[in-house]
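**Q** Sequence:
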Amino acid sequence: MKILLIDDNLNDFPMYLEKVAFLRSPLELLYTNTVESALKQIEKGGVHLVFLGKSFQKKSSLLREQHPHLDVVGIKGPNDRAFSMLKTLSCKVKIT
2 MKILLIDDNL NDFPMYLEKV AFLRSPLELL YTNTVESALK QIEKGGVHLV
52 FLGKSFQKKS SLLREQHPHL DVVGIKGPND RAFSMLKTLS CKVKIT
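Throughout, our numbering is defined as the position within the sequence shown, counted from one, plus 1.
In case anyone wonders, no lab produced these hints; they're calculated from the structure. Warning: the hint list may mix true and false statements.
In silico DSSO-like cross-links for lysine-lysine, where the CA-CA straight-line distance does not exceed 27 Å [what the hints assert, rightly or not]: (1) 3 with 77; (2) 3 with 41; (3) 60 with 77; (4) 77 with 55; (5) 41 with 77; (6) 3 with 55; (7) 41 with 59; (8) 3 with 60; (9) 59 with 77.
Pairwise CB distance ranges, derived in the manner of DEER restraints [said to hold, decoys possible]: (10) 77 with 29: 29 to 35 Å; (11) 2 with 41: 29 to 35 Å; (12) 12 with 67: 28 to 34 Å.
The beta carbon of each residue, even a glycine, is placed where N, CA and C say it ideally should be.
Sequences are here, hints too, so could you generate the full structure?
**A** Right, here's the structure in full:
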């Protein structure tokens with residue numbers, strides 16, 4: 002299962018990594034900073050959940066329209082409760 006994170010604040014990136022770096026499993030966290038690259042990643046297949054950083058939340062309808070099967074969750078940053086729930090899962094990190 003792949004989880005896609007779309008966020009343009011590169012200053013937060015180390016904090017996102019810190020939240021998931023210790024986790025291990027078949028889950029994969031993909032990170033991108035543009036909607037275009039996110040759509041390409043989704044088209045490749047395998048993405049089941051999308052987290053949208055604050056500046057991308059207005060684009061959620063576009064993602065939901067083009068990919069209604071995806072769960073799309075808006076987050077405020079790496080300390081957002083929804084993103085923190087990944088701690089209960091196990092992930093490996095992949096930067097795209």
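**Q** Could you run down the list of hints and mark each one as holding or not?
**A** Each hint, compared with the structure:
{"no.": "1", "hint": "3 with 77", "result": "20 Å, holds"}
{"no.": "2", "hint": "3 with 41", "result": "14 Å, holds"}
{"no.": "3", "hint": "60 with 77", "result": "15 Å, holds"}
{"no.": "4", "hint": "77 with 55", "result": "5 Å, holds"}
{"no.": "5", "hint": "41 with 77", "result": "24 Å, holds"}
{"no.": "6", "hint": "3 with 55", "result": "21 Å, holds"}
{"no.": "7", "hint": "41 with 59", "result": "19 Å, holds"}
{"no.": "8", "hint": "3 with 60", "result": "20 Å, holds"}
{"no.": "9", "hint": "59 with 77", "result": "13 Å, holds"}
{"no.": "10", "hint": "77 with 29: 29 to 35 Å", "result": "23 Å, violated"}
{"no.": "11", "hint": "2 with 41: 29 to 35 Å", "result": "19 Å, violated"}
{"no.": "12", "hint": "12 with 67: 28 to 34 Å", "result": "29 Å, holds"}
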